[in-house]
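2 protein chains.
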Amino acid sequence: MTAVAARILDGATVAAALRASVQPDVEQFTAATGRPPALGIVLVGEDPGSEIYVKTKVKAGGESGLKVDLIRLAATATLDELLAVVDRLNRSPEHDGILVQSPLPPAMGRDAAQRVFDAVDPAKDVDGFHPVNVGRLTQGRPNLAPCTPSGIIAMLDHFGIAIAGARAAVIGRSDIVGKPMALLLLRRDATVTICHSKTAAIAAVSAEADIVVVAIGRAGFVTPDFIKPGATVIDVGTNRITDRAAAAAILGASSPRLDAFDRRGSLVLGDVHPAVAEVAGALSPVPGGVGPLTIAMLLKNTLAAAEARTAAV
Amino acid sequence: MTAVAARILDGATVAAALRASVQPDVEQFTAATGRPPALGIVLVGEDPGSEIYVKTKVKAGGESGLKVDLIRLAATATLDELLAVVDRLNRSPEHDGILVQSPLPPAMGRDAAQRVFDAVDPAKDVDGFHPVNVGRLTQGRPNLAPCTPSGIIAMLDHFGIAIAGARAAVIGRSDIVGKPMALLLLRRDATVTICHSKTAAIAAVSAEADIVVVAIGRAGFVTPDFIKPGATVIDVGTNRITDRAAAAAILGASSPRLDAFDRRGSLVLGDVHPAVAEVAGALSPVPGGVGPLTIAMLLKNTLAAAEARTAAV
Chain A
0 MTAVAARILD
10 GATVAAALRA
20 SVQPDVEQFT
30 AATGRPPALG
40 IVLVGEDPGS
50 EIYVKTKVKA
60 GGESGLKVDL
70 IRLAATATLD
80 ELLAVVDRLN
90 RSPEHDGILV
100 QSPLPPAMGR
110 DAAQRVFDAV
120 DPAKDVDGFH
130 PVNVGRLTQG
140 RPNLAPCTPS
150 GIIAMLDHFG
160 IAIAGARAAV
170 IGRSDIVGKP
180 MALLLLRRDA
190 TVTICHSKTA
200 AIAAVSAEAD
210 IVVVAIGRAG
220 FVTPDFIKPG
230 ATVIDVGTNR
240 ITDRAAAAAI
250 LGASSPRLDA
260 FDRRGSLVLG
270 DVHPAVAEVA
280 GALSPVPGGV
290 GPLTIAMLLK
300 NTLAAAEART
310 AAV
Chain B
0 MTAVAARILD
10 GATVAAALRA
20 SVQPDVEQFT
30 AATGRPPALG
40 IVLVGEDPGS
50 EIYVKTKVKA
60 GGESGLKVDL
70 IRLAATATLD
80 ELLAVVDRLN
90 RSPEHDGILV
100 QSPLPPAMGR
110 DAAQRVFDAV
120 DPAKDVDGFH
130 PVNVGRLTQG
140 RPNLAPCTPS
150 GIIAMLDHFG
160 IAIAGARAAV
170 IGRSDIVGKP
180 MALLLLRRDA
190 TVTICHSKTA
200 AIAAVSAEAD
210 IVVVAIGRAG
220 FVTPDFIKPG
230 ATVIDVGTNR
240 ITDRAAAAAI
250 LGASSPRLDA
260 FDRRGSLVLG
270 DVHPAVAEVA
280 GALSPVPGGV
290 GPLTIAMLLK
300 NTLAAAEART
310 AAV
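As they're listed, the protein sequences go chains A and B. Residue numbers for the first sequence follow numbering that gives the first Met the number 0, beginning at 0 and rising by one. Residue numbers for the second sequence follow numbering that gives the first Met the number 0, beginning at 0 and rising by one.
By construction, these hints were calculated from the structure, which means they are not laboratory data. Nothing false has been slipped in among the hints.
Identical copies carry no separate label here, and so any pair may be met within one copy or between two of them.
With a straight-line cut-off of 20 Å between C-alpha atoms, the simulated SDA-like cross-links for lysine to any residue are:
{"no.": "1", "residue 1": "LYS227", "residue 2": "VAL204"}
{"no.": "2", "residue 1": "LYS197", "residue 2": "ARG187"}
{"no.": "3", "residue 1": "LYS227", "residue 2": "ALA203"}
{"no.": "4", "residue 1": "LYS227", "residue 2": "ALA199"}
{"no.": "5", "residue 1": "LYS197", "residue 2": "GLY139"}
{"no.": "6", "residue 1": "LYS197", "residue 2": "GLY216"}
{"no.": "7", "residue 1": "LYS197", "residue 2": "ILE162"}
{"no.": "8", "residue 1": "LYS58", "residue 2": "GLY290"}
{"no.": "9", "residue 1": "LYS54", "residue 2": "PRO104"}
{"no.": "10", "residue 1": "LYS197", "residue 2": "ARG140"}
{"no.": "11", "residue 1": "LYS58", "residue 2": "ALA16"}
{"no.": "12", "residue 1": "LYS197", "residue 2": "ALA161"}
{"no.": "13", "residue 1": "LYS197", "residue 2": "GLN138"}
{"no.": "14", "residue 1": "LYS197", "residue 2": "ILE152"}
{"no.": "15", "residue 1": "LYS197", "residue 2": "GLY159"}
{"no.": "16", "residue 1": "LYS197", "residue 2": "ALA163"}
{"no.": "17", "residue 1": "LYS197", "residue 2": "GLY164"}
{"no.": "18", "residue 1": "LYS58", "residue 2": "ARG18"}
{"no.": "19", "residue 1": "LYS58", "residue 2": "LEU42"}
{"no.": "20", "residue 1": "LYS197", "residue 2": "ILE160"}
With these hints in hand, go ahead and build the complete structure from the sequences.
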C-alpha cells in the first residue's frame with residue numbers, strides 16, 4: 000500500500016485569519032460606543048486545564064482589542080454564589096458576553112453546569128449553550144452558536160471544502176460539539192448522519208461520508224476503515240493519556256511524540272488514529288487543529304453579542 | 000416480481016390507545032384541581048382545511064375530558080390583535096395549553112407564524128414550537144415536543160418497531176416534522192440521517208435505513224428504490240392534488256381512489272408512492288396513518304402542561 004499523506008488543515012492559520020477579520024469590527028465598535036466589546040469569564044477553582052484555557056482566552060481577547068474580565072471563585076464556592084455572579088454579569092451594562100469555564104467543581108452537583116448555562120442571559124450567551132440559542136440554532140435562525148462547531152465550519156470554508164451536497168458523519172452527540180455540529184452542517188445543506196455509541200457498524204456508516212467530524216472522547220477510536228479515501232476528517236478529541244503503553248499502541252512504538260510523553264508523563268491524543276492520515280484527503284489533527292478556532296469564535300461571538308446589544312438599545 | 004404487501008400501521012388504533020391512556024390522568028387532574036386541563040385554540044380566518052382540523056381537535060379534546068376553548072379572529076385581524084390574544088391566554092390561570100392554528104393569513108406578514116410561536120409561554124406551548132422547547136428537545140431534556148413526530152415515536156413503539164440501534168432516514172427538514180423527528184429518533188438511540196432537497200443520490204441514502212420518515216411535501220416522491228426491503232416507512236405528506244392526470248399517474252389509472260377524486264375534484268396524496276407497499280415491511284399510509292396521532296399527542300401535551308403548571312405552583 001502506498002501511504003498517501005492527507006493535506007493537514009492547520010487551525011492556527013484559520014484562527015489568525017478569523018481574528019484578523021474580527022479586528023476592524025472591534026475597533027469600529029470601540030470607536031462608535033466609546034468602549035470595547037467586553038467578555039466576563041468566570042473561573043471556579045484551580046483546575047490546571049481550565050487555568051490554561053482561561054489564560055489563553057484572556058490573552059487572545061486582549062490581543063484582539065476586547066476587554067476580558069476574569070472573575071475567580073474559590074473551589075469551595077457554592078452554586079448559589081456562582082449564580083449570583085452570573086446574575087451580576089447579566090445585569091452589567093458593560094459586559095456583552097459571559098463564559099463560565101467548565102468543568103465546575105463536582106461538589107456543586109450533577110446538574111450545576113446546566114443550571115448555570117440556563118441562567119446566562121441568552122443575549123450574552125457566547126458559548127451558545129442556553130436552550131433558547133440551541134433552539135434558534137435548530138430552527139436555522141441567526142444566533143450565538145457554540146464555538147467549536149462554528150469554528151469547524153469556518154475551517155472548512157477557509158480551506159475550500161464543499162459542505163453543500165456533501166455527506167457528513169458526525170461521530171458523537173454531545174450538546175457542546177456533536178449536535179450543534181450536525182445542525183450547522185445541515186443548515187449548510189450537507190446530508191448529515193449522527194453516529195454515537197449505540198450506532199451499529201459505525202465504521203461502515205462513517206465510511207459513507209465526505210466529511211467526518213469526530214468528537215466521541217476515545218483516543219484513536221477512528222481508524223482508517225472509518226474513512227472513505229479522500230474524505231475530510233476533523234478531529235475534535237482531546238484525550239489525556241497517562242499510560243505510556245496505551246499511547247505507544249496508538250502512536251506506534253517509534254513515534255517521536257513518545258519523547259514528549261516521557262518528558263511530561265502524559266500526552267493529549269485525538270479521537271482519530273494517526274493511520275487515518277494515509278487514507279483521508281484532508282485532516283484537522285490534534286494538536287494543531289480546531290483548538291485555536293474555538294477561541295477565535297469566542298471573540299467573534301462576543302463582538303456579535305456586543306453589536307446586537309447596541310443595536311437593540 | 001411477487002408483490003409482498005407491507006404491514007399497514009393503522010394510526011387510528013394507536014391514537015385510540017394513546018387517548019385511552021390519557022383519560023385516567025385527565026380525570027385524576029380534574030378531580031384533584033377542580034377543573035379539567037384546558038386548551039385555548041386560536042383560529043384566524045376561515046381556511047376550510049383549518050376549520051376541519053380545529054373542529055377535530057375540539058371534538059377530540061371534549062371526548063377526552065379536556066376543556067377546549069376556540070377563539071376566532073376574523074381573516075382581517077392584525078398580527079398585533081393576534082399577539083394580544085396569545086398574551087391573554089399566556090396570562091390566563093385556567094388555560095394550560097395554547098395552539099394557534101396554521102396557516103395564518105398572508106396579510107399578517109411572512110414571519111407572523113414565527114413571531115406568534117415565539118410569543119407563546121413555553122410552559123403552555125403544546126405545539127413545541129417555541130425556541131426554548133426546541134432547544135430542550137435538542138438537548139434531550141424533558142419538554143413539550145412537537146405533536147406529529149412524538150406521535151410517530153408512539154406509533155413505532157405501539158407496533159414494536161425497534162428504534163435503538165436502527166438506521167433511520169428522515170426525508171425533509173422542516174421545523175415542524177423533519178428536524179424534531181430526527182432529534183427524537185436520536186434521543187431513542189437510532190443512527191439518524193437527515194435528507195432534504197439538496198441531498199445527492201437521495202434514494203440510495205434513504206435505502207440504507209431501517210426506518211424512513213417522509214415529510215417533504217411532494218406527492219409520490221418516495222418510490223420503491225428509496226426503500227430497503229422490509230424497512231418501516233412512515234408517510235407524513237398531505238398533498239392535495241387537483242389535477243386528475245397527476246393523481247392517476249401516481250395511483251395508477253385503475254385505482255379506486257380516483258372515484259373519490261371524481262366525486263370531490265381533489266385528493267390528498269402522501270409523499271410515498273403506493274408501490275412502496277410492495278417493498279416495505281411496514282407502512283404508515285396517507286390517509287389512515289399519522290393524522291390522528293398528532294391530535295392524540297396534542298391532548299397528551301395539554302395534560303402534561305397542566306400537570307407541570309400545577310406542580311410548579
